[in-house]
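Chemist: Sequence:
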Amino acid sequence: MGKVLGDVLGFAAAVAVSPLPIIAIILILATPRGRLNGILFTVGWILGLSALGAIMLGIASPANASTHHQPATWVGALKLALGLFLLVFGARQWHRRPRDPSQAQLPKWMGAIDRLTPVKIFALGLALAALNAKNAPLTIAAGATIGSAGLPVGQQIASLAIFVLIATLGLLAPLGVFLLGGERAKTTLGNWKDWAAQHNVAVMAVLFFVLGLKLFGDGISILVS
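Numbering (this note's numbering), first residue to last: 174 to 398.
Honestly, the hints are just simulated from the structure, not real lab data. Every value quoted in this text rests on a predicted model; they were computed, and no experiment measured them. Ideal Cβ placement from N, Cα and C applies to all residues, glycine included. There could be a bad hint or two in this list.
What the hints assert, rightly or not - PhoX-like cross-link-like pairs, simulated, lysine-lysine; straight-line CA separation at most 25 Å:
id	residue 1	residue 2
1	LYS293	LYS307
2	LYS387	LYS307
3	LYS281	LYS293
4	LYS281	LYS176
5	LYS293	LYS359
6	LYS176	LYS387
7	LYS359	LYS387
Stated by the list, open to error - Here are the in silico distance ranges between beta carbons for each label pair:
id	residue 1	residue 2	range
8	LEU304	ALA186	33 to 39 Å
9	ALA250	LYS281	22 to 28 Å
10	PRO325	VAL216	14 to 20 Å
11	GLY349	GLY231	30 to 36 Å
12	VAL190	ARG357	19 to 25 Å
13	LEU345	PHE258	24 to 30 Å
14	ARG269	THR290	31 to 37 Å
15	ARG206	ARG270	33 to 39 Å
16	ALA300	VAL261	43 to 49 Å
17	THR361	PRO205	16 to 22 Å
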């Protein structure tokens, strides 16, 4: 289990520092129902990651995804494909990054966050976790890694829970500052939002390239073993 956690730690950290969800929750916390909306967004995020990870565990069960505790060939092919996707996506992001970080623009949907109902805020958290093209491949890779390790079911669930917890730290930090930071919370969160908005594309491009290389290498290693 320790080796599996070491393998998925990088994926969880990359999901945790994904700038767009962090910016989204900071904007959500600034809405009139910031406390409720922030908690609902975080719960939706946790459920989204958990659901996608659980689906991968169900697909990559030990009986189908590992042989003698070694990943099956299709797991290697999946990691190879995910690695290639992240490499291409990262290169594309890097090419499209603004030369002047101060000129970076946020997605248009973020301008409507203050008008979303609590139900839609919850759905937004769910979608950004499970359906976002930046986070979903990392969660799929983590689920495949856990499922293909030949661990008992209890250890698989525990590993997935740890992955989700680490991947949620990026949201828990702003939420904690908002709930406990008092008057200084607004300034602190504003500074975080500005930095994340300016460096969003560059940060994700580098993360995708590094993790893409790892997945690509892991996939090749499985296929040739």
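Chemist: Does each hint hold? Answer for all of them.
Modeler: The hints, checked one at a time:
A hinted pair counts as satisfied when its Cα atoms are at most 25 Å apart, and LYS293 with LYS307 qualifies at roughly 20 Å. Between LYS387 and LYS307, the direct Cα distance comes to roughly 16 Å. Compliance with the 25 Å bound is thereby established for this hinted pair. At most 25 Å may separate the alpha-carbon atoms for a hinted pair to count; LYS281 and LYS293 meet this at roughly 16 Å. For the proposed pair LYS281 and LYS176, the alpha carbon gap of about 41 Å is over 25 Å, so the pair is violated.
For the given pair, LYS293 sits about 23 Å from LYS359 by alpha-carbon distance, which is consistent with the 25 Å threshold. For the hint pairing LYS176 with LYS387, the CA-to-CA distance comes to about 15 Å; that is within 25 Å, so the pair holds. With a CA separation close to 38 Å, the supplied pair LYS359 and LYS387 exceeds the 25 Å bound. In this structure the supplied range 33 to 39 Å is violated for LEU304 paired with ALA186, their Cβ-Cβ distance being about 21 Å.
Taking 22 to 28 Å as the suggested C-beta distance range, the pair ALA250 and LYS281 does not conform, at roughly 37 Å. Hint check: PRO325 to VAL216, Cβ distance near 28 Å, so the stated range 14 to 20 Å is violated. The hint said 30 to 36 Å for the Cβ distance between GLY349 and GLY231, and at roughly 33 Å that hint holds. Between VAL190 and ARG357 the Cβ separation comes to about 22 Å, which falls inside the hinted range of 19 to 25 Å.
The beta-carbon spacing between LEU345 and PHE258, approximately 28 Å, falls within the hinted interval of 24 to 30 Å. At about 33 Å, the CB distance of ARG269 to THR290 agrees with the hint of 31 to 37 Å. Distance hint for ARG206 and ARG270: a CB-CB separation of about 34 Å, consistent with the stated range 33 to 39 Å. For ALA300 and VAL261, the Cβ-Cβ distance of about 23 Å falls outside the hinted range of 43 to 49 Å, so the restraint is violated.
Distance hint check for THR361 and PRO205: the Cβ-Cβ separation is about 20 Å, which falls inside the suggested range of 16 to 22 Å.
Against the hints set out earlier in the document, violations occur for numbers 4, 7, 8, 9, 10 and 16.
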